[in-house]
Amino acid sequence: MQETKMNWISKQAILHFNRKEKVYGQFWTPQEAADFIVSFASKQLKDKRIACDPACGDGVFLRSLKNEGFKPYGVDIDGSILNFFDDIKEYIHIDDGLRLRPERMFDLVVGNPPFSSKYGRVKDPTTLNKFELGKGRKSQAIEILFLEKFIRLCKPEGVIGIILPQGIFSSIQLSYVRDYIKEHLSIIAIFSLPRNIFRKGKTTSKTCVLIGKKEKVRREKVLFVAVKNLEELRSRNFKKSILTYPDEFLYPEFYLDKNPLFEGLPRLKDFDIEIQQGRTKYGKERKFSKEGIPFISAKVVTSLGIDFSKDKRFVRPGSSMDYKNAHVEIGNLVFVRVGVGCIGRAAVITSENEKGIADDWIYILKVKDKRISPFYLAFWLQTPIIQKEIKRLARGVGTVTIPISLLKEISLSLPDQNKLLWFKKMYLKMINEKKGEIWKKPPKI
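Counted the way the working numbering counts, the sequence shown spans residues 1 to 445.
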């Protein structure tokens, strides 16, 4: 009878939280993840007394806290959750976790707050003005406000364990959030979680777990871990980890995937290369024509050159989409800057037939430095070792991209000057053979 009742509760809970996920942007947290976060974080404490989850949802962290010996205190905005979980009902308080008072009273604050990536941002001025990370802004991501709240709820010498989008640890635009973290916490560890860990198949958001202590003396080194799957969380046997000094960025792959072979090599920023982003229109203004200037989207940029058969769209000359600074010329290198499946593709414009207008997914590189050539650079950027480096430097949660500033950080091995012409010949031979042409003489560039 008990088993039947629990099965019914589980089914109802799943339906409820599927709905709630759509409303509040919350994602179900696997018990293994909650158990690990609570266990790891509690080891950083001298006393296990009272702990809080300010956005407790289905109560998975409350169960972990109870089993670890804490007195749990859960808060959630949705009162209907009290109808489902008798085992933790007494620990749940219905309220807005962002307004929880008093602060500085919990030994441990843990949880997986709602994300705003798909569900909007907090825009209420009254709420925003109550947060250091919200003041003076028209809106703020709800997870960033919860991050600040976690820290404020924590006692001095207390610990937080919070699941956040990877963008907080990797985005250049969110460096101010990382500065806030470093100012208010001694960072102990950051765990990169695998995609699809939350309600498999529902979200591919990349997330990280931040473990930090509210102590005055800052730890010089941080433990960075890339978690492969839930089994690694269960066994605590992590294959990719490093204890190292943190840099500007705080996501584990930035440190774990760094290749020592690049030490001492010059970077793209050390060469005379002009880089600009393509442009296009969206919405009602995004209009293509049956003929005109070819539109260079990510689809047409391949490892074997430009292939317009993959996307036969055109921009009418003189139209609102005819951005002059997005025109590519012979000798330019086009680089796909965004997209999980296409980021890092590069091709050289070798003829009049390959000229066009670059989409905003594209960077246009004009190589002016005589020490290298666009042909050499195209080959270099598509080597497996550099493709891995591009992925390491890429930013984003759902859609990954590499900013120009980080593309310039790509290391580059200087070629023998006598080989530059050879790279040009090989590139042109490659694309001509792809087109089914017999390579005789490369076009003038």
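Wrong hints could be hidden among the right ones.
What the hints assert, rightly or not - In silico lysine to aspartate or glutamate, DMTMM-like type, Cα no more than 25 Å apart, as pairs:
1. Lys48 with Asp35
2. Lys310 with Glu352
3. Lys216 with Asp179
4. Lys310 with Asp272
5. Lys312 with Asp322
6. Lys138 with Glu157
7. Lys419 with Glu274
8. Lys355 with Glu285
9. Lys299 with Asp322
10. Lys182 with Glu132
11. Lys155 with Glu232
12. Lys66 with Glu32
13. Lys43 with Asp322
14. Lys123 with Glu90
15. Lys324 with Asp369
16. Lys66 with Asp35
Claimed, not checked - Pairwise CB distance ranges, derived in the manner of DEER restraints:
17. Asp416 with Ser175: 33 to 41 Å
18. Asp360 with Lys258: 23 to 31 Å
19. Lys130 with Asp78: 28 to 36 Å
20. Lys130 with Cys342: 40 to 48 Å
21. Lys130 with Pro194: 48 to 56 Å
22. Asp86 with Lys284: 21 to 29 Å
23. Arg286 with Lys130: 20 to 28 Å
24. Ser309 with Ser175: 16 to 24 Å
25. Glu248 with Lys435: 21 to 29 Å
26. Asp416 with Lys258: 20 to 28 Å
Hints listed in this document are in silico derivations from the structure and should not be mistaken for laboratory results. Ideal placement from N, C-alpha and C gives every residue a C-beta, glycine not left out.
We went through each hint and held it up to the structure:
no. : hint                           : verdict
1   : Lys48 with Asp35               : 15 Å, holds
2   : Lys310 with Glu352             : 18 Å, holds
3   : Lys216 with Asp179             : 15 Å, holds
4   : Lys310 with Asp272             : 32 Å, violated
5   : Lys312 with Asp322             : 16 Å, holds
6   : Lys138 with Glu157             : 33 Å, violated
7   : Lys419 with Glu274             : 23 Å, holds
8   : Lys355 with Glu285             : 23 Å, holds
9   : Lys299 with Asp322             : 19 Å, holds
10  : Lys182 with Glu132             : 14 Å, holds
11  : Lys155 with Glu232             : 30 Å, violated
12  : Lys66 with Glu32               : 15 Å, holds
13  : Lys43 with Asp322              : 60 Å, violated
14  : Lys123 with Glu90              : 32 Å, violated
15  : Lys324 with Asp369             : 24 Å, holds
16  : Lys66 with Asp35               : 10 Å, holds
17  : Asp416 with Ser175: 33 to 41 Å : 39 Å, holds
18  : Asp360 with Lys258: 23 to 31 Å : 29 Å, holds
19  : Lys130 with Asp78: 28 to 36 Å  : 21 Å, violated
20  : Lys130 with Cys342: 40 to 48 Å : 42 Å, holds
21  : Lys130 with Pro194: 48 to 56 Å : 35 Å, violated
22  : Asp86 with Lys284: 21 to 29 Å  : 53 Å, violated
23  : Arg286 with Lys130: 20 to 28 Å : 40 Å, violated
24  : Ser309 with Ser175: 16 to 24 Å : 42 Å, violated
25  : Glu248 with Lys435: 21 to 29 Å : 44 Å, violated
26  : Asp416 with Lys258: 20 to 28 Å : 27 Å, holds
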